[in-house]
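Novice: Residues per chain, in single letters:
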Amino acid sequence: MSDIAIELRGIDKSFGLVHANKNINLTVRKGTIHGIIGENGAGKSTLMSILYGFYQADSGDIVVDGNKVTIKDPNAAIASGIGMVHQHFMLVENFTVLENVMLGAEDSQILNTSISKARVELKRLEKEYALEVNPDALIEELPVGLQQRVEILKALYRKADILILDEPTGVLTPPEADHLFRILGQLKDQGKTIIFITHKLREIMAITDEVSVMRRGEMVATRHTKETSVEELAELMVGRRVLLRVEKGAANPGEVKFAVENLTVRDGRGVTMVDNVSFNLRAGEIVGIAGVAGNGQSELLEAISGIRKAVGGTVLLNGKPIDVTGHVDPRELRDRGLAHVPEDRHHVGLVLKFEEAENGILGYHHDKRYLNGVFLNTKAIQADAEEKIKKYDIRPPNPRLKTANFSGGNQQKIVLAREMERGPDVLIIGQPTRGVDVGAIEFIHKRIIEMRDQGKAVLLVSVELDEIRALSDRIIVMFAGRVVGERDPDATEGELGLLMAGVEGRKDAAE
Amino acid sequence: MEFFHTIIAILESTIRVSVPLIFAALAGLFTERAGVFDIGLEGKMLGAAFAAGAVAAVTGSVIMGLLAAILISVLLSLVHGYASITQRGSQIVSGVAINFIVAGSTVILGEAWFKQGGRTPALAGDARFQTVTFPFADAVKDVPIFGPIYSNLLSGHFILTYVAFLLVPFSWWILYRTRFGLRLRAVGENPGAVDTAGISVIWLRYRAVICCGILCGFAGAYLSLAMSAGFVKGMTAGKGYIALAALIFAKWRPVNIMLACLLFGFLDALAIRLQGNPLPLIGQVPVQLMQALPYILTVILLAGFIGKAIPPKAGGIPYVKER
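First to last, the protein sequences are chains A and B.
Per my numbering: the first sequence = residues -7 to 503.
Per my numbering: the second sequence = residues 2 to 324.
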């Protein structure tokens, strides 16, 4: 018996020309929570997929519990006592909890006998680790936090001693995340080893014992969490000093540029997603909408940007109404001074198969500047793209490159450049830094604040509470489609977290 | 009494024409529940019917005919599997290709081998399925009500007919009460969950596709060895598509599938019965309209009378490990 749970020696992996993991060495001690941090595309997920047998390393050794092992598929990983909780849950939504837990680990051909055994074992695990969940509930009816609990139970059911969690907090509310951290602490106390992958520095500081930093496929450092700082980790991740707090002066709000009154939106199934929401935006301020994903923010954005019809309410842009319940034309809204950076840049914001320059004018392609009669003026478009590339530091600086080949951060910059450079009166931004690396986040945040300082009204919708707090001049919290509170940016995280979880909301609404 | 006998006759022929639909729709159930859509039920059924007719004619054995039907149908399934599971091609294109290849090649091979205009020789005796007569069927034939039901409606069908109806609860049991069924349904909903649980998505889907092939083999053999005495070109006449419609109509559930197939069969039987007979009030109805009735109804039903049919979530999408 050694006190080392997992040791990776010289792991190397390439996908075609992409060198995803370069000679990785990693030692994870037994009974610890070991964080792995790095930007998107740093190779964290690839490394864990190799450990879980999803991919085979091109070279290198995996040592589990002192024994060199070959992990050729997830079965072999499970047999070595490794379990994984995936970022996107690997659950069958129309199956029950019990069916999901035993899938692949049934102990007979006929289900009846396996089910009763699994039920007993699940009860025992629930007790031992305080992970209550109704075994007969359908997954699709459970909140995300509980779905994640099922994933953890799945791993424990397969007798995992080493648990890998890949970006587990992305889908959770702050209270749910805290609960998860308590569960992980408890699992650690019972002798389990936990590998915790994230790009959020705060989480690393909160729960890990040791942390390893990855950058561009390389393992650049391992530190004892107690002996490091957020600043040091950020620098290690990005490779240069990063400004974590955005510098911004006081807001200087002017007249109301955009007003939403009693807006109600239903989704395709007729479920009310936005319920009687009212707020306004003034020139020269950033209003942040906080909330856990799926609480109506997306539908709100779609309705006010003319993509989705609302069932009720009025919206005023520069004092003139927008026909949100009838015919809205996103092009008309653009002409009237509204710019929209959609949440989902891959499907709404960009055409990934188009060249950078083409995406740079999408939606504004009817502008005379880009036209030669009925034809596109490719020279003007090219020149325009080059200008934006320079100003927004879009890399690689090639306007002819297909947009799919840019990194997430650079794709986002392409969208931002397109929308911001029009000089709109009102800028609506959804998830500005989703899937964007730390270096680009800094740039994007600066640009958003510049827009504010130029007197634009900015609506910022984000599921990243840190981002909302850092940028907003006012914070609106949405829960279950309703506005459950408005706070100053100096409101504590705990206070906002409770609002986001719908706990404080009722009290607020009653006031 | 005359009316009662008419009803019995229509129901009897309903059962007769429903059988290939049930086999084919259950075949589709297995593969589509595993996430592999199959528009090629028609082609597999036709290929199986041809193989059955040809082999039974040459060997004089109905069993050899049936086995040949299953063999050919499974081979065609494996082609579809190779294209859509291993090569991750479009499942629709692969299915359509199989339909076309089979439609053409059965005629060419039939003409080359038997020189009867694409038919296989007429079958008789041991080369064809015989009907099964229940005990005392003759004795109770004249008992009112019960007699016709027992002797005409329940007794006197081919063995494959009874097999088809027994396959309905059996398929249900496989899908909902066995480990294989659990995994099969899981792979059609979220192959990632199956893969991470350490089960091979590829092998599981191949097994589902093979199940589909076997059942389509039965459907084809029924057509050329039971319902007819030999293969005739294009003899499936769209039954594969109707089975697919029944599968969707039934929301991918075994018992619903049987009911849907019986409904379509009933319409078909009714159409045959009403040919040439004037309807009260309406008068003479064109034959073509009657023949189109099942299809028209399918369109109407699928257009919204049955609520939303939600297919298996991963259906039609080849599984690629996330990069």
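Keep in mind that a hint or two might mislead.
[Unchecked claim] Within a straight-line C-alpha distance of at most 30 Å, the following computed DSBU-like cross-link-like pairs (lysine-lysine) qualify:
{"id": "1", "chain 1": "B", "residue 1": "K322", "chain 2": "A", "residue 2": "K192"}
{"id": "2", "chain 1": "A", "residue 1": "K60", "chain 2": "A", "residue 2": "K180"}
{"id": "3", "chain 1": "A", "residue 1": "K394", "chain 2": "A", "residue 2": "K360"}
{"id": "4", "chain 1": "B", "residue 1": "K234", "chain 2": "A", "residue 2": "K345"}
{"id": "5", "chain 1": "A", "residue 1": "K394", "chain 2": "B", "residue 2": "K116"}
Just so you know, these hints were derived from the structure itself, not from any lab.
Novice: Each hint should be assessed against the structure and marked as holding or not.
Specialist: To see whether the hints hold, each was checked on the structure:
no.	hint	verdict
1	B/K322 <-> A/K192	holds (26 Å)
2	A/K60 <-> A/K180	holds (24 Å)
3	A/K394 <-> A/K360	holds (24 Å)
4	B/K234 <-> A/K345	violated (46 Å)
5	A/K394 <-> B/K116	violated (58 Å)
The structure does not agree with the numbered hints 4 and 5 stated previously, though it agrees with the rest.
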